[in-house]
Amino acid sequence: MNEVKTPSVDAPEKTETVRLKKRSYWGEVWHRLKKNPVSMICLAFLAVMLLGIIFATVLSPYDYTAQNLAERFQTPSAAHWMGTDDYGRDLLTRLLVGGRYSLLIAILSVAIGIVFGMIIGALCGFFGKYVDSVLMRIMDVIMSIPGMMLAICISVALGSGVFNTALALAVGTIPMIARQLRSSTMLINGQEYIEAARSFGESNFKIIMTHIIPNTLAPIIVQTSLYIGGAIMGIAGLSFLGLGVQPPTPEWGNILNNGLDYIYDFSTRWHVIVFPALFIVLAELAFNLLGDGLRDAMDPRMRQ
Numbered sequence: 013m014n015e016v017k018t019p020s021v022d023a024p025e026k027t028e029t030v031r032l033k034k035r036s037y038w039g040e041v042w043h044r045l046k047k048n049p050v051s052m053i054c055l056a057f058l059a060v061m062l063l064g065i066i067f068a069t070v071l072s073p074y075d076y077t078a079q080n081l082a083e084r085f086q087t088p089s090a091a092h093w094m095g096t097d098d099y100g101r102d103l104l105t106r107l108l109v110g111g112r113y114s115l116l117i118a119i120l121s122v123a124i125g126i127v128f129g130m131i132i133g134a135l136c137g138f139f140g141k142y143v144d145s146v147l148m149r150i151m152d153v154i155m156s157i158p159g160m161m162l163a164i165c166i167s168v169a170l171g172s173g174v175f176n177t178a179l180a181l182a183v184g185t186i187p188m189i190a191r192q193l194r195s196s197t198m199l200i201n202g203q204e205y206i207e208a209a210r211s212f213g214e215s216n217f218k219i220i221m222t223h224i225i226p227n228t229l230a231p232i233i234v235q236t237s238l239y240i241g242g243a244i245m246g247i248a249g250l251s252f253l254g255l256g257v258q259p260p261t262p263e264w265g266n267i268l269n270n271g272l273d274y275i276y277d278f279s280t281r282w283h284v285i286v287f288p289a290l291f292i293v294l295a296e297l298a299f300n301l302l303g304d305g306l307r308d309a310m311d312p313r314m315r316q
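Whatever position you read off the sequence shown (first residue = 1), add 12 for the working numbering.
If you are wondering where the hints come from, they were derived from the structure by calculation, not from laboratory data.
Be aware that one or more of the hints could be misleading.
[What the hints assert, rightly or not] Computed spacing ranges between beta-carbons, pair by pair: (1) F217 - S145: 19 to 25 Å; (2) M161 - A90: 41 to 47 Å; (3) V60 - A91: 19 to 25 Å; (4) F67 - F212: 46 to 52 Å; (5) G39 - G173: 38 to 44 Å; (6) L290 - T222: 40 to 46 Å; (7) I66 - Y205: 25 to 31 Å.
The C-beta atom is built at its ideal place from N, Cα and C for all residues, glycine as well.
Based on the sequences and whatever the hints tell you, model everything.
What follows is the structure, given as structure tokens:
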């Protein structure tokens, strides 16, 4: 008689194991990130906000520079979803266009900080000794100054503008990136494939660029999302103080500063304060929560 083969109890577990083995590292990260509802909501919110910012002039029927004094301080309505400001300009259009400058400066500042931080951290971790001592002491000096105070001092020295604001914020992130890369580089530097690369005669520059830095990118990717959120708040703070992007160029910080002049008429002009503040807070919160989700998704212990 032919024996009837009963399905193995372990079959689903084996199927799941095979499926996980076929999935790439980044595919596994995305798979785990999708299981985090908070991160997916933040990702969707940022995607919608980014699309609105990019296509603001196409989607909005209003010119963000057009003034209409007859429509000053209109509260939210069907015609103006977030009302108008003191010059009768559509507030939603100005916030969307201002988001271009806020995100541009945030991304630029984080990019500058990451590039210089990775170079300094890789050099410290790879060469050690005097190079490590000198560069890390410089990083300690920078870290001893509060970030916002440092950004204010640099902004005052360099002046306002998109690049100057980005540079002022980037300086404060360089030590944190450098310290993180230094630790990762010191762990990688003793690996066998680094010794093999040295034995084949590869230069230190090639080893750093092809072996050290690519293998330390995962934690930096996580930190990037967190730093962008912090940079958005920093940009808004500098512009609020009059040290960042200057009017008439719209930016979330200077739009909020403009609305603060009317805080004593909050009952009738609340929208010129509330909506700019909401844009700043929600953007930073979304980037921070997305960064937390990425950190959990890329944690090696979560893939056990």
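Hint-by-hint comparison with the structure:
Checked against the hint of 19 to 25 Å, the C-beta distance between F217 and S145 comes to roughly 21 Å, which is consistent with it. For M161 paired with A90, a C-beta distance near 45 Å keeps the hint of 41 to 47 Å intact. Checked against the given bound of 19 to 25 Å, the beta carbons of V60 and A91, roughly 22 Å apart, stay inside it. Checked against the hint of 46 to 52 Å, the C-beta distance between F67 and F212 comes to roughly 51 Å, which is consistent with it.
Checked against the hint of 38 to 44 Å, the pair G39 and G173 passes, with Cβ atoms roughly 41 Å apart. In this structure the hint that L290 and T222 lie 40 to 46 Å apart at CB holds, the actual value being about 45 Å. Between I66 and Y205 the C-beta distance comes to about 42 Å, which lies outside the given range of 25 to 31 Å.
When each numbered hint is compared with the structure, a violation occurs for hint 7 only.
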